[in-house]
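A.B. asks: Below are the chains, spelled out letter by letter.
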Amino acid sequence: MIRILGSSRRTRDGLTRRETLRAGGLSMLGGMFGLPQQIAAAAGTNAAENGRKRPGKAKSVIMLYLLGGAPTQDMFDMKPDAPDGLGGEFNPIASNVPGMDVCELLPKHAKWMNQSAIVRTVNHKAGCHNPMASWTGYPEPLPSIGVVQDNLPPSMGSVCEYLNTEQGGFPDYVHLPCLLGWGQHIRRAGPYGGFLGRQYDPLFTECSPTAAKVSTSQYDPQVVLGTPRLPNARLPEGITLDRLKKRQELTRQFDDALRGPGIGEEFDRVQEGALSLLTSNRIRNAFDIENVDPKVRDNYGRTLFGSSALIARQLVEEGVRFVNVTWDIFATRPALLDGVGWDTHSRNFPILKDVLLPNYDDTFSGLMDDLSERGLLDETLVVVMSDMGRTPKINKSGGRDHWTFCYSVLMAGAGIQGGTIYGASDNQAAYVKDAPVSPADICATIYECLGIDPDMQIPDSAGQPVRIRMGGRVINEILS
Amino acid sequence: MFRTALLAFSVFTLNGHFLQAEIPADPGARLSAIGEPVALEVEPASITLAGPRASQQVLLTGRYADGSVRDLTSFSEWKSADAELVDVTSDGFVSGLRDGASHLEIRVAGLAAQVPVAVTDSNLPQPVSFRRELMPLLSVAGCSDIRCHGAPSGKNEFRLSLWGFDPDLDFRQLTHDGLGRRTNSLDPDSSLILSKALMRIPHAGGLRFTPDSPYAALMRSWQSEGLRDDVGKVSLQTLTASPARRVLQAPARWQQLSVRATFDDGRSADVTRLTTFFSSDIAIADVDRTGRVEFKRQGEVAILCRFLGRMESVRLMYIAKAASDYQWPDPPTNNDVDTHVFAKLKMLNIPPSPLCSDEQFVRRVSLDLCGILPTPDEVREFVASTQSDKRARLIDQLLERPEYADFWTKKWMDVLRASRDSIQLAGAQAYQKWLRDRIEADESFASIAESLLTSTGQSYSDAPANFFCVPPTPTAITDPAYLQKDLTEATAQLFLGIRLQCVRCHDHPYEKWKHADYLALAAHFTQVTRSRLGKAGPSGRPERRQIEIALDFKAPEIKNESGETIVPRLPGESVADVPADQDRRQRLAKWLTRKDNPFFAKALVNRTWFHLHGRGIVEPVDDFRDSNPSANDELLESLAADFVQNGFRLKPLIRTIANSRTYQLSPVPTPGNQSDDRYFSHMSSRPLSAEVLLDAVCHVTGIPEVFEITNDYTIGLPEGSITLPAGTRAVQLPVTDTETLINTMGKYVRYEPHPFLRTFGQPSRTQTCECDREQHFGRKQALELIIGQMTANRLTSKDNRLGRLLAEQKSDAEILNELYLCALSRVPSEASAKSLSEYVAGSADKRQAWEDILWTILNSQEFIYQH
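Residue numbers (the numbering used here), protein chains in the order written: chain P, 644 to 1123; chain L, 210 to 1076.
Treat the hints as calculated values from the structure; they're not laboratory data.
Check before you lean on any hint, since a few could be wrong.
Chain L side only, calculated, beta carbon under 7 Å to chain P, not exhaustive [as the list claims (entries may be wrong)]:
1) Q791
2) P878
3) Q883
4) E983
5) H985
6) G987
7) A991
8) I996
9) A1001
10) S1038
11) D1061
12) E1071
For glycine and all other residues, C-beta sits at the position ideal for the given N, C-alpha and C.
Only chain P is shown next, with the shape it has when bound in the complex:
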């Protein structure tokens, strides 16, 4: 039986999307399923309000997260005429949308601006290097950005996982390539389930990044290579898939005293879901990039970021609703590889030119090409964002420092009115000139694209209902 669940591409018996299409074009039903009724009941709120059906355009989101604070004035909000050289060292080039110029180091990117919207006025007061704001919309500073607190709001992906109707089964939220901050021995707040509970944390992958050589200094970054892998998805030594299936068979024969009418069903579902991650091909296929056409791999770039984005595309194809692809910073673990990531306090321009922008350009356009070729771009939203922006002022070391007062976020693909610019920054991209946008507004917009009512209420740790929009407003102006 083919059962259409929350995502039209996910079917209970593990058929892939293409198979489903062959099975009768069922994905045409996609997006018509509103929020399941029981969610509204679970949140203890007004079912009529919560269950409002929405025609979401995007079925999935791939979030390209540039940790450290990307200098968006050197990328999509260039100010060549800024006074005193604050505009930076790079020149803008024309994109395929008049007036939407991008940096000369993003030539491939330039070809996708007709599918992209740029919000140029994102700003927040949540403090530096605080990814909570961008992943959850929570506007306040944290006591410590290196501590994951369970009483804070959930990330957008966790909300998707919360709405995942296939209990214990295939995940709806994956975070690549490692725990956020792992490369610096920090557990950074942000992409977690928060007060919804840890069961809505993303499925985190692990990685063993490498580089051509260990950097000599933080500001002499290397290109980070590697491939994310799933923890506990590799069978331990001596356990073949056959043996695991045998064990699963034994489990079914086992005389569990807690199995019977009205008892034990949920446990079995959870366990089978976990086992299916190991035994079904879906997750393995999604993580297998060895068999991908080498040209496609080259397109993404054979970096850790590139292979993460490729896996993200495969996960989305398998029906995962929210995938974070983070450009993490590997400064202390496994060694000093890419130093500061996007946190370019020194040598901003050489680092952007040699490492960050070309690799980002490859991965972004590789992903967009791939999504487009597979017909997934009209159902996948791609978001590019950072925890903050960088100062207009260039410091003594040629770097740009922390800046939360104005920066850009790019959204492309499903649900987005391509070729739009929202808001305007001043002549040095320092402050908002027109139409300020908060991270919560971005979150609300992403929810809207996904067909999740931004007004949906979820219970906080005290059981009180909270709206997932966190006070954010949907930016309808950039939606198609």
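Since chain P is already given, all that's left is putting chain L on it; use the hints.
C.D. replies: For chain L alone, kept in the frame of chain P given last:
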């Protein structure tokens, strides 16, 4: 803070107020709801309506032959004997029209009743009271609701105080805000508030009441009388809601409430229509604006009635019809626990499950009391014993084992916030040892609480002083009373069973607790000072030094938002003079541990019950409040009384609970109690806690875990680590954050929990809340046991239990029995024994086959769960 802001959101739907609880119109349904009453009872028995606008909600109750009662208020014929004098609606709402005496005639089901009515002063000029009438009206009509103008920033530029807790503000807002256009004393009907409320001009909040309603009349009169405030004129003395408690039975799903207020000028008046009602659980019952409750399904609710900032609650229960073949099984009772639990179950037509087997019991009670699995020998001996009191004997034996003290110490350390980040390993070890000694000796919990609350000294040596060391130090202190407030909330949550976090900023919107009560309680901690000993570590790192707690009798007092000094006062007590050189905490501790303290014993009893049943009698376990009714008041009171009687000792309490039949019920639900997860009709099955699970995996595989804990350090890097003695169990760990992660650049050092324990929800010990522990079995947890290193390595280890049994050349049946007894405290069923033995016999590699079987056992719900 964020948490507080979130707490301000309302759970109650605004629409609920405006909806009318639906009384059936169909005559057949009405007749069935009325039934055959044998007598009628009217409340009040006589009515006096004094003054203009005086009204009375009359309640009509039918008495039935079987002793039950039904509310017939909305099902009766109401007639005023003199319609010129008195008006009465079809649901018993009476208003006076002209001075004089008359009576009401009420008829239902062939019975009749009469109520005398006296109307006086109906023409007395009496201006509308802003405080006593208009403010409640704004709340009843929903204007000052959190989602409307009561939101912190108001709505559409019109802001009122939430539920009217600040009448001064609201008066200003109504009369002066928006250039005074909201109100109009010359032409009230053109005022903005009335035009909006009546939807004469667009209003996002919709129609709040109709033009001919008493609400509209009030709003009109108050304006035409000159927009006057009557500050300080009256204050509320008492508020009574009726009926205070009632049990409704199908098909009678409705209950009208009435609310009466007395004021300090001696007047008493019915204020039902000026009272704002809330249901504690709208999934079970709704209440409309007139105070009529309608149940949707079987269950219990508290209906909160708020008038002039005062909150009273009534408790209502509705029992649906039992299935036709239902019969109360009348199980025997072992003690008072059963008497109360079964009384409630009987009332609710929920049959309890049968008694659990001996095998289930020995596993359950060993895990619950000591956190360990019984050995195969212990199981065999217990099951074989023919003593009639063998369960009671086992309980007594377990309570004397050292594992009991380890386990119950850990439970308390979890909520006493014994984390490394706050008190270091040295502090945590001292704290753990101190508490363990007391729990082992079964010292009075009153004296433990007293020692904690009144301690001073250095955190590594004066163990109880750690109670004052654990609150985090915020990087930038903006609130000078931060420590006092944290300690107040911790004390309330741990020892009063109350969450005061909401009250930190404002009066509790649904509770009796006031912001002023909170501050007055916090004032007991003003003398506490904390200082760090020794040389400071590098800046930018967490503080890792010993802390000294002392008293400063000259410490500045806490001030409220208006800058007034707060005088210490205990909940429910009047202000007492405390000499300046007296430790105020002593006073708090004395009050807390008094035998008649209304909170302490109940809070502790409930927490203990929670540990043994997986669910509190009040749930969440530390959230006692009127709007969160307990599952069984009598049970809670009886256990609390016993607890006090037994000198606040845990062991007698645990003994009583564990010896009850209720505790010994089967975890398997029957068709009749399957949907019950509240009244203890069967034992709840739940995942083992992280530490107990790890210990159990070690026990069954026979490969203990070796725990290493990094040493304390102040500066630089930690100097090595200590390895805990072989055989140390996870429940004995002094801290949950054992492993130290060191940033190679030497800039950042942090602690991490044991990965297996963290996966299974071990708390971070940063909160005084049991909710910090995440007891959840999901994909991540399942995977950890399916292929995680912690179990995989133990399965394949050559000298594990399998290795030993195989080396001893035991038969397949013996090995299988041993594994089952170890993990599940039972032998396999015949069918399983057969199929599993065949599996082994049919496998080429016998050892591998046994690993598969042990894997299956470790991945069974029966093993992973307590039941």
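A.B. asks: Run every hint past the structure and note whether it holds.
C.D. replies: Do the hints match the structure? See the list:
The interface hint given for Q791 of chain L is broken, as the beta carbon of that residue sits about 35 Å from the closest beta carbon of chain P, more than 7 Å. At a threshold of 7 Å, the smallest CB-CB gap from P878 of chain L to chain P is about 5 Å, leaving the interface hint in force. At a threshold of 7 Å, the smallest CB-CB gap from Q883 of chain L to chain P is about 4 Å, leaving the interface hint in force. The interface hint given for E983 of chain L holds, since its Cβ lies 5 Å from the closest Cβ of chain P, which is under the 7 Å cut-off.
A least Cβ separation of about 5 Å between H985 of chain L and chain P falls short of the 7 Å threshold, and the interface hint therefore holds. Because the smallest distance between the Cβ of G987 of chain L and any Cβ of chain P comes to about 4 Å, under 7 Å, the interface hint for this residue holds. Of the supplied interface hints, the one on A991 of chain L holds, with its beta-carbon coming within about 4 Å of a beta-carbon of chain P, less than 7 Å. Taking 7 Å as the C-beta cut-off, the interface hint given for I996 of chain L holds, the closest approach to chain P being about 5 Å.
Given hint, A1001 of chain L at the interface with chain P, holds; its Cβ is 4 Å from that chain's nearest Cβ, closer than 7 Å. Proximity of S1038 of chain L to chain P holds as hinted, the smallest CB-CB distance being about 4 Å (cut-off 7 Å). About 5 Å separates the beta-carbon of D1061 of chain L from the nearest beta-carbon of chain P, less than 7 Å, and the hint is met. Taking 7 Å as the C-beta cut-off, the interface hint given for E1071 of chain L holds, the closest approach to chain P being about 5 Å.
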